[in-house]
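Modelling step: build the complete structure from the supplied sequences, incorporating the hints.
These are the residues of each chain, in order.
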Amino acid sequence: MANTATVDELGHSPAVRGKNYLNQTAGVWSWLTTVDHKRIGIMYLVSVLVGFGLGGIFALLVRLELLTAKKTIMDASQYNQAFTLHGAAMVFLFIIPSIPASLGNFFLPLMIGAKDVAFPRLNLLSLYLYWIGAIFMLAAIVTGGVDTGWTFYVPYASGVSTTSVISATFGVFVMGFSSILTGLNFIVTLHKLRAPGMSWYRMPLFLWSLYATSIIQVLATPVLGITLLLLIFERAFHIGIFDPTLGGDPVLFQHFFWFYSHPAVYIMILPGMGVATEILATNSQRRVFGYKAIAFSSVAIALVSFLVWGHHMFVSGQSELSSAIFSFLTFFVAIPSGVKMFNWLGTLWGGSIRFTVPMLYGIAFLFLFAIGGLTGLFLGMLSVDLHLHDTYFVVAHFHYVMMGSTAIAFFGGLHHWWPKMTGKMYDENLARVGFALTFIGFNWTFFTQFILGTRGMPRRYYNYLDQFQPLHAFSTYGSWVLGTGFLITFICLARSLKTGAPAPADPWGGATLEWKTASPPITENFEKAPIVTLDAYERPAEETA
Amino acid sequence: MTFDPIDLGSFWMPKQSSTIAQEIDTAYYIVYWLDVVMFFGLMVPLAWFMYRYRRRTAKDKVSDITHSTTLEITWTIIPSLLVIGLFFVGLSGWMKAMVAPGNALEIRTTAEMYMWTFTYPNGNVSVNELVVPKGQPVKLIMSSKDVLHSFFVPEFRVKQDVVPGTYTTVWFEATENRDTILFCTEYCGVGHSDMLARVRVMDKADYDNWQETGLMPGEKPLPPAELGKKLYATRSCNTCHSLDGSRIQGPTFKGIFGRTEQIADGSSVKVDENYIRESLLEPNKKVVSGYPAVMPTYKGLLKETDIDALIAYLKTVQ
Numbered sequence: 000m001a002n003t004a005t006v007d008e009l010g011h012s013p014a015v016r017g018k019n020y021l022n023q024t025a026g027v028w029s030w031l032t033t034v035d036h037k038r039i040g041i042m043y044l045v046s047v048l049v050g051f052g053l054g055g056i057f058a059l060l061v062r063l064e065l066l067t068a069k070k071t072i073m074d075a076s077q078y079n080q081a082f083t084l085h086g087a088a089m090v091f092l093f094i095i096p097s098i099p100a101s102l103g104n105f106f107l108p109l110m111i112g113a114k115d116v117a118f119p120r121l122n123l124l125s126l127y128l129y130w131i132g133a134i135f136m137l138a139a140i141v142t143g144g145v146d147t148g149w150t151f152y153v154p155y156a157s158g159v160s161t162t163s164v165i166s167a168t169f170g171v172f173v174m175g176f177s178s179i180l181t182g183l184n185f186i187v188t189l190h191k192l193r194a195p196g197m198s199w200y201r202m203p204l205f206l207w208s209l210y211a212t213s214i215i216q217v218l219a220t221p222v223l224g225i226t227l228l229l230l231i232f233e234r235a236f237h238i239g240i241f242d243p244t245l246g247g248d249p250v251l252f253q254h255f256f257w258f259y260s261h262p263a264v265y266i267m268i269l270p271g272m273g274v275a276t277e278i279l280a281t282n283s284q285r286r287v288f289g290y291k292a293i294a295f296s297s298v299a300i301a302l303v304s305f306l307v308w309g310h311h312m313f314v315s316g317q318s319e320l321s322s323a324i325f326s327f328l329t330f331f332v333a334i335p336s337g338v339k340m341f342n343w344l345g346t347l348w349g350g351s352i353r354f355t356v357p358m359l360y361g362i363a364f365l366f367l368f369a370i371g372g373l374t375g376l377f378l379g380m381l382s383v384d385l386h387l388h389d390t391y392f393v394v395a396h397f398h399y400v401m402m403g404s405t406a407i408a409f410f411g412g413l414h415h416w417w418p419k420m421t422g423k424m425y426d427e428n429l430a431r432v433g434f435a436l437t438f439i440g441f442n443w444t445f446f447t448q449f450i451l452g453t454r455g456m457p458r459r460y461y462n463y464l465d466q467f468q469p470l471h472a473f474s475t476y477g478s479w480v481l482g483t484g485f486l487i488t489f490i491c492l493a494r495s496l497k498t499g500a501p502a503p504a505d506p507w508g509g510a511t512l513e514w515k516t517a518s519p520p521i522t523e524n525f526e527k528a529p530i531v532t533l534d535a536y537e538r539p540a541e542e543t544a
Numbered sequence: 000m001t002f003d004p005i006d007l008g009s010f011w012m013p014k015q016s017s018t019i020a021q022e023i024d025t026a027y028y029i030v031y032w033l034d035v036v037m038f039f040g041l042m043v044p045l046a047w048f049m050y051r052y053r054r055r056t057a058k059d060k061v062s063d064i065t066h067s068t069t070l071e072i073t074w075t076i077i078p079s080l081l082v083i084g085l086f087f088v089g090l091s092g093w094m095k096a097m098v099a100p101g102n103a104l105e106i107r108t109t110a111e112m113y114m115w116t117f118t119y120p121n122g123n124v125s126v127n128e129l130v131v132p133k134g135q136p137v138k139l140i141m142s143s144k145d146v147l148h149s150f151f152v153p154e155f156r157v158k159q160d161v162v163p164g165t166y167t168t169v170w171f172e173a174t175e176n177r178d179t180i181l182f183c184t185e186y187c188g189v190g191h192s193d194m195l196a197r198v199r200v201m202d203k204a205d206y207d208n209w210q211e212t213g214l215m216p217g218e219k220p221l222p223p224a225e226l227g228k229k230l231y232a233t234r235s236c237n238t239c240h241s242l243d244g245s246r247i248q249g250p251t252f253k254g255i256f257g258r259t260e261q262i263a264d265g266s267s268v269k270v271d272e273n274y275i276r277e278s279l280l281e282p283n284k285k286v287v288s289g290y291p292a293v294m295p296t297y298k299g300l301l302k303e304t305d306i307d308a309l310i311a312y313l314k315t316v317q
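Protein chains in written order, with numbering that gives the first Met the number 0: chain A, 0 to 544; chain B, 0 to 317.
For the record, the hints were derived by calculation from the structure and aren't laboratory data.
Values in this document were obtained by computation on a predicted structure and should not be read as measured data.
Be a bit skeptical, because a hint or two may be false.
To be verified - The following residues of chain B were derived to be distant from chain A, with all beta-carbon distances above 10 Å: (1) Met-42; (2) Ala-96; (3) Asn-102; (4) Leu-147; (5) Gln-159; (6) Val-198; (7) Asp-202; (8) Ala-224; (9) Ser-235; (10) Ser-245; (11) Phe-256; (12) Glu-281; (13) Gly-289; (14) Thr-296.
To be verified - Some, not all, of what chain B presents toward chain A, calculated at C-beta under 8 Å: (15) Met-49; (16) Gly-89; (17) Thr-167; (18) Glu-225; (19) Thr-238; (20) Gln-317.
Just so it is clear, CB atoms sit at the ideal spot from N, CA and C, and this is done for glycine as well.
Structure below.
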């Protein structure tokens, strides 16, 4: 797309041969004080993968405990902590920062032909805030754990639980600022630092999704911050906002909480949609079908996301009229999501599809997101939600969206951009094995839970009825396959760092700017600022022949 | 639980044991089949494109069509109409679930960590066991003593959070003469998954008989002393009066019959049949010295046979 004729050569120019952002300077200090968005992205990447590993271990423990209907390996309070920490680690340590802060940080400036984000020091600050928040969360784990569920519902979290609720919520509060600052940085960067010729409609669609995500981060996260601060005050000083014995209202907490946490669902899924778009476009060697439809549907999802939080509360005791309005609005999230789905298929139509490892993840994303999205329709329907609310059906649904879609897109993106980030190719066959086990294990584990849910199995149950045991055991076996898949993927990627072949600048035949510079890129990204003359995903005439 | 708690009615759903279940299941199957059609509507083209447009050479000719306004409008409008339809299907069933019929039997329901207490119109109380008549609408007026809980009976397809500091309601009309299970479905702490109750559905006559005599269908009347022992627990005498001599809120029942008690006004009274009867019906007339006058009257709540049974039981507590 950026055909400035010279960029390709400049990426490999003798002046910079052998020097890149990884080896420009050395030592731990040079990393901890860096303002290079690529290094910050890499540090985020390592951090969110640690968070994912932590959340994953708790997930496997939860599934193992559920192998039998009564006690398997832990007691009820340990189980309650395990599912709380699984949720909290996966949501706050992994999935919210996952794609934006790691892949987004690394590739947003590259994709618009910029040298860095608009505020590089602020970028480093947001990484430090993430780490500080994570330390508070980890401190909560070692000083008594947390057993409130990741939703911190009151009055249990404000008055009854004896665990380290304050430390955990304060950690989330601090991490919220990290999220806000990253969002702010991205918005300003996209507005101000696009290369000459890079109009809004020439931006890769990943960036549109990050833009929409950033808007939500900046607007919604402060509400979470305020809510958690009020919860901390309620717990420490009994101020009477949420606790009915002090004159407060526990349902108010749910409104505040979901006012952030529903839009946060789109903080999680929108970047995944963006990554999937890049993967599908690159590997079908064709311009994205319905560019503007996909771009505007991201913005539409961001806007509608603020108006649907009450669908988490159909049975909470909120007014019937509120529930009806929220149900109606909720269905309109389905429309832009559907539009994206159709346009992704349109992008494959008439393409030249190459089944690289990232493409396998991209196709898996389409399959899993279809299931995740379509099962949401059950829950949006008021009457059906009466039966399914807070059952394993909900657990299965949001795992298809959060993990089946976002995490799969994240790992797809990791495989897509790994050669660019590290300068190494991975063993594609091993990566395929890791992918296959992940995909099979995921469906095995979570499709089973749809059946458990419709049959009436409630969430967050330590003991359960014997009649649910066979399905629970089946789901647990699936989690072992899933865990093995991820383990193989990690081994595959880690091994490539040592033994992988050097990556070319453009291993997949990409049409976006990041492929026009060396792998790994030089510290300045491009030796000379690129000038963009082609539309998004448009290839120069001689390339497409 | 020793009974089969949830009967399956189909592969997906439990048996339909309430009047509203069928409408909710119909809504479920409407979206289920719509989803199946849409899923294959997306996946079949996906599979076909993956096969048809797989890369053959590095120089494959690719389509240069980048958009189609007609298609975009089509796949915006049609799904919009479909989901608006779904909204109304969901709304219709839900309106029925939200509005209890006027003749509903009201049962006061209290949730606390980790038990359910049901208080029936005549003052009867049952714990972790909800007894309802078949074929009559039942409305629960619910509140929580501590944290959030939620009332969920899978076979009835009803769910409603139980919130401290406010009342929430749920109603259903049971259609099957059988027992099923009630779950707490809002996480409430370490005993959350044990906060279960048995729902016993019986014919109206059996329900009335249970209310009258405390006898479940098939149970024989108890001898007075045993009925009294049961009433001692079910009518909550045990919250204030111990059997082992320890002091709770009121005097212990250990060896009470025939004992001479000091009354607050200085006189004394021998505990006999008449004093027990009087204490049940007018408890604050002769309060034993040193105890607060807090006992509620059981006038209208105990039948003559109940009073006789309690007296017979107290004679046995030594």
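Evaluation of the provided hints:
1. Met-42: violated, 7 Å
2. Ala-96: violated, 6 Å
3. Asn-102: Nearest chain A Cβ is 21 Å from B:Asn-102, so the label holds.
4. Leu-147: violated, 6 Å
5. Gln-159: Given that some Cβ of chain A is not farther than 10 Å from that of B:Gln-159, nearest at about 5 Å, it is violated.
6. Val-198: holds, 13 Å
7. Asp-202: The claim holds: B:Asp-202 sits with its nearest Cβ about 25 Å from chain A, beyond 10 Å.
8. Ala-224: holds, 37 Å
9. Ser-235: holds, 23 Å
10. Ser-245: holds, 28 Å
11. Phe-256: holds, 41 Å
12. Glu-281: At about 34 Å from chain A, B:Glu-281 clears the 10 Å cut-off, so the statement holds.
13. Gly-289: Consistent with the label, B:Gly-289 stays out of reach of chain A, its closest Cβ about 31 Å off (over 10 Å).
14. Thr-296: holds, 29 Å
15. Met-49: holds, 6 Å
16. Gly-89: OK, holds: B:Gly-89 within 8 Å of chain A, min 3 Å.
17. Thr-167: With a closest approach of 5 Å, the B:Thr-167 hint holds.
18. Glu-225: Violated - the Cβ of B:Glu-225 stays beyond 8 Å from chain A, reaching only about 32 Å at its closest.
19. Thr-238: It is violated, given that the least Cβ distance between B:Thr-238 and chain A is near 21 Å, above 8 Å.
20. Gln-317: Interface hint status for B:Gln-317: violated (40 Å vs cutoff 8 Å).
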